[in-house]
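Participant: If you're matching them up, the sequences are chains A and B in order.
Going by the UniProt record's numbering, the first sequence opens with residue 1, and the numbers climb by one from there.
Going by the UniProt record's numbering, the second sequence opens with residue 1, and the numbers climb by one from there.
Keep in mind that the hints were calculated from the coordinates and are not lab data.
Hints may be right or wrong, so weigh each one.
For identical chains, the list gives no copy identity; a pair is met inside one copy or between any two copies.
Claimed, not checked - Computed cross-link-like contacts, SDA-like style, restricted to lysine to any residue with a CA-CA straight-line distance of at most 25 angstroms:
(1) Lys74 <-> Leu285
(2) Lys18 <-> Tyr231
(3) Lys74 <-> Gly227
(4) Lys198 <-> Tyr257
(5) Lys18 <-> Glu64
(6) Lys6 <-> Gly284
(7) Lys112 <-> Ala243
(8) Lys18 <-> Gly260
(9) Lys163 <-> Leu17
(10) Lys281 <-> His71
(11) Lys246 <-> Pro38
(12) Lys234 <-> Pro114
(13) Lys18 <-> Gln258
(14) Lys277 <-> Glu64
(15) Lys142 <-> Asn164
(16) Lys234 <-> Ile9
(17) Lys18 <-> Thr56
(18) Lys202 <-> Leu285
(19) Lys277 <-> Glu139
(20) Lys281 <-> Gly13
(21) Lys44 <-> Ser123
(22) Lys6 <-> Thr226
(23) Lys44 <-> Gly192
(24) Lys44 <-> Asp259
(25) Lys138 <-> Gly192
(26) Lys74 <-> Lys281
Protein chains: 2
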Amino acid sequence: MALETKATITTFGGRFLKLSHSSSTTSTPMNFTVFIPPGASSSKPAPVLIYLSGLTCTPDNVTEKGFLHAHASKLGLALLYPDTSPRGTDLPGEHDSWDFGSAASFYIDATKEPYKKHYQMESYVTKELPELVFSEFKELDKTKVSIAGHSMGGHGALTLYLKNPGMYKSVSAWAPIANPSQCPWGEKAFGGYIGDDKAAWKKHDATELVKSWKNGPLKALIDVGTGDNFYKQKQLLPENFEAAVKEAGVEDVTVRYQDGYDHSYFFISTFGEDHVKHAAKHLGLL
Amino acid sequence: MALETKATITTFGGRFLKLSHSSSTTSTPMNFTVFIPPGASSSKPAPVLIYLSGLTCTPDNVTEKGFLHAHASKLGLALLYPDTSPRGTDLPGEHDSWDFGSAASFYIDATKEPYKKHYQMESYVTKELPELVFSEFKELDKTKVSIAGHSMGGHGALTLYLKNPGMYKSVSAWAPIANPSQCPWGEKAFGGYIGDDKAAWKKHDATELVKSWKNGPLKALIDVGTGDNFYKQKQLLPENFEAAVKEAGVEDVTVRYQDGYDHSYFFISTFGEDHVKHAAKHLGLL
Numbered sequence: 001m002a003l004e005t006k007a008t009i010t011t012f013g014g015r016f017l018k019l020s021h022s023s024s025t026t027s028t029p030m031n032f033t034v035f036i037p038p039g040a041s042s043s044k045p046a047p048v049l050i051y052l053s054g055l056t057c058t059p060d061n062v063t064e065k066g067f068l069h070a071h072a073s074k075l076g077l078a079l080l081y082p083d084t085s086p087r088g089t090d091l092p093g094e095h096d097s098w099d100f101g102s103a104a105s106f107y108i109d110a111t112k113e114p115y116k117k118h119y120q121m122e123s124y125v126t127k128e129l130p131e132l133v134f135s136e137f138k139e140l141d142k143t144k145v146s147i148a149g150h151s152m153g154g155h156g157a158l159t160l161y162l163k164n165p166g167m168y169k170s171v172s173a174w175a176p177i178a179n180p181s182q183c184p185w186g187e188k189a190f191g192g193y194i195g196d197d198k199a200a201w202k203k204h205d206a207t208e209l210v211k212s213w214k215n216g217p218l219k220a221l222i223d224v225g226t227g228d229n230f231y232k233q234k235q236l237l238p239e240n241f242e243a244a245v246k247e248a249g250v251e252d253v254t255v256r257y258q259d260g261y262d263h264s265y266f267f268i269s270t271f272g273e274d275h276v277k278h279a280a281k282h283l284g285l286l
Numbered sequence: 001m002a003l004e005t006k007a008t009i010t011t012f013g014g015r016f017l018k019l020s021h022s023s024s025t026t027s028t029p030m031n032f033t034v035f036i037p038p039g040a041s042s043s044k045p046a047p048v049l050i051y052l053s054g055l056t057c058t059p060d061n062v063t064e065k066g067f068l069h070a071h072a073s074k075l076g077l078a079l080l081y082p083d084t085s086p087r088g089t090d091l092p093g094e095h096d097s098w099d100f101g102s103a104a105s106f107y108i109d110a111t112k113e114p115y116k117k118h119y120q121m122e123s124y125v126t127k128e129l130p131e132l133v134f135s136e137f138k139e140l141d142k143t144k145v146s147i148a149g150h151s152m153g154g155h156g157a158l159t160l161y162l163k164n165p166g167m168y169k170s171v172s173a174w175a176p177i178a179n180p181s182q183c184p185w186g187e188k189a190f191g192g193y194i195g196d197d198k199a200a201w202k203k204h205d206a207t208e209l210v211k212s213w214k215n216g217p218l219k220a221l222i223d224v225g226t227g228d229n230f231y232k233q234k235q236l237l238p239e240n241f242e243a244a245v246k247e248a249g250v251e252d253v254t255v256r257y258q259d260g261y262d263h264s265y266f267f268i269s270t271f272g273e274d275h276v277k278h279a280a281k282h283l284g285l286l
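Whenever a hint applies, use it, and build me the whole structure from the sequences.
Facilitator: Written out as structure tokens, the structure is:
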């Protein structure tokens, strides 16, 4: 579990750290990054927003292009950015396509060979990583954590939130893959990591999970750009999630369709302030 | 001069355009980008901040990582990002090093062969590009323009401002190469583009130019990170510029040393709001 610090960067008055460790969950090295806002200390620990990135990304993309730190710094919010998959392995097919294998874990625990030994990202993100981070960084508050993500990371944020009531104080997503059982990306990932049992897929599908949510207001904010080609190609299906929310009578779910915005970091950064403030509100910072 | 629009992206409520044209000044294709803030129109044209990028960059780097649009959008300020050199040529030595030739024009008009035919970036940035942009985009106000830049672009911003009193309403720079005649980067560039006549170099050196400034308050903001390795290696020399300013009695020059910040976009983005507001103030938006 020993942490290696690869870079320490001053930005927006806080500290941004690039870190690596050997994960017992994935049996690989794992990279992640942390932004610690100014003023955080062991006597005044900062709440944490976990941000899960999308397909093809590492934690570097959003930290360079997302501009969440600008807003988090002002509010006293920390950010934790896990990687999108294990690294350093060379499983059959792992690096052949951009929407499966490396940088495309879908934040689930694979049950199928050859992925199940390493692709245990659900356990990694919900257990090992936070245990490590809160053990190492006493200036972070382990009792106040929210989760967010983009695209595949939006799927990750919504599903980990729905599977673990109470673990996170709120959830938000930019352009999430909201019904992966019904879209090509999800079918490929779930088929490869879990297999053909489609009943098992439902345990990792936000639209299916929200149907049985019985834990009060969802405290969810979702933004989708109407100019997003993946939205148009029915990879995201937020409309299915909305319908399930309505059918189940789940409250406090805001889904916004942003006119003309695409799937890129130009979209993420534009609405970053709203997502940071959404988390900050539920974490007691606003 | 015909403009080709390579991308139109919605961001921060405005329009971000990636453009290309055939330049008569450089006799090459030239790329640039523009951010047009929400609300700009021919009847209410937006003031413009020209941002000059640093070594190795294209206009894409700062538009993805600089976060200037967030602030410019709120204030009604447009941004114009020229490229860092002509493209598409293959002159002897042009692509051999990252600090000379392509992406390293230093925003001067080369007088030495083989560069002088194409590397006419001073004329391009001060004449052809603004003429083209203000002719094409009536929602931009050609009477209200400021200039800024980073590193080599900070050198470009300071020198173009000092050489052209009245052309720009204010100037700002992040980590500028402030005394290029006296640093390795500048010596290499000026030697290659101008030749061995060091008296000629002085016409392109902010520290030399400011000594003869007789046009009132300089309206200049400069930030330098104390953790910037290029600052430590004496490539930037803001202290020489400060000394010249003091010696010449030039007023309204703010030079700030920011504790621990490096040379990267983490530094640029952190102080982007201050630089945008500096321009906005002098452009009548604040």
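Participant: For the identical chains here, do Lys234 and Pro114 meet the 25 angstroms Cα criterion within one copy, between copies, both, or neither?
Facilitator: neither (29 angstroms within a copy, 53 angstroms between copies)
Participant: Please work out whether the CA atoms of Lys138 and Gly192 approach to 25 angstroms or closer within one copy, between two copies, in both situations, or in neither?
Facilitator: neither (38 angstroms within a copy, 53 angstroms between copies)
Participant: Between the shortest in-copy and the shortest cross-copy C-alpha distance, which are at most 25 angstroms for Lys44 and Asp259: within, between, both, or neither?
Facilitator: between (40 angstroms within a copy, 23 angstroms between copies)
Participant: Tell me, please, which holds for Lys142 and Asn164 at an alpha-carbon limit of 25 angstroms: within, between, both or neither?
Facilitator: within (15 angstroms within a copy, 56 angstroms between copies)
Participant: Is it within, between, both or neither when you check Lys74 against Gly227 at 25 angstroms Cα-Cα?
Facilitator: For Lys74 and Gly227, the Cα distance is within 25 angstroms only across copies (22 angstroms; inside one copy 31 angstroms).
Participant: With 25 angstroms as the alpha-carbon cut-off, assign the pair Lys18 and Glu64 to within, between, both or neither.
Facilitator: Close inside one copy (12 angstroms) and across copies (20 angstroms); limit 25 angstroms.
Participant: Using 25 angstroms as the alpha-carbon threshold, which applies to Lys6 and Thr226: within, between, both, or neither?
Facilitator: Intra 38 angstroms, inter 20 angstroms, cutoff 25 angstroms: inter-copy only.
Participant: At 25 angstroms max between alpha carbons, let me know whether Lys18 reaches Tyr231 within a copy, between copies, both or neither.
Facilitator: between (32 angstroms within a copy, 23 angstroms between copies)
Participant: Reference check for the pair Lys44 and Gly192, CA-CA at most 25 angstroms: within, between, both, or neither?
Facilitator: neither (44 angstroms within a copy, 55 angstroms between copies)
Participant: Is the C-alpha distance from Lys6 to Gly284 at most 25 angstroms within one copy, between copies, in both cases, or in neither?
Facilitator: neither (32 angstroms within a copy, 44 angstroms between copies)
Participant: Checking an output row: Lys198 and Tyr257, CA cutoff 25 angstroms. Within, between, both or neither?
Facilitator: Neither way: Lys198 and Tyr257 sit 30 angstroms apart in one copy and 59 angstroms across, limit 25 angstroms.
Participant: For Lys44 and Ser123, with the copy left unspecified, which applies at a CA distance of at most 25 angstroms: within, between, both, or neither?
Facilitator: Neither: 28 angstroms inside a chain and 55 angstroms across chains, both beyond 25 angstroms.
Hints 4, 6, 7, 9, 11, 12, 18, 21, 23 and 25 from the earlier list are contradicted by this structure; the remaining hints agree with it.
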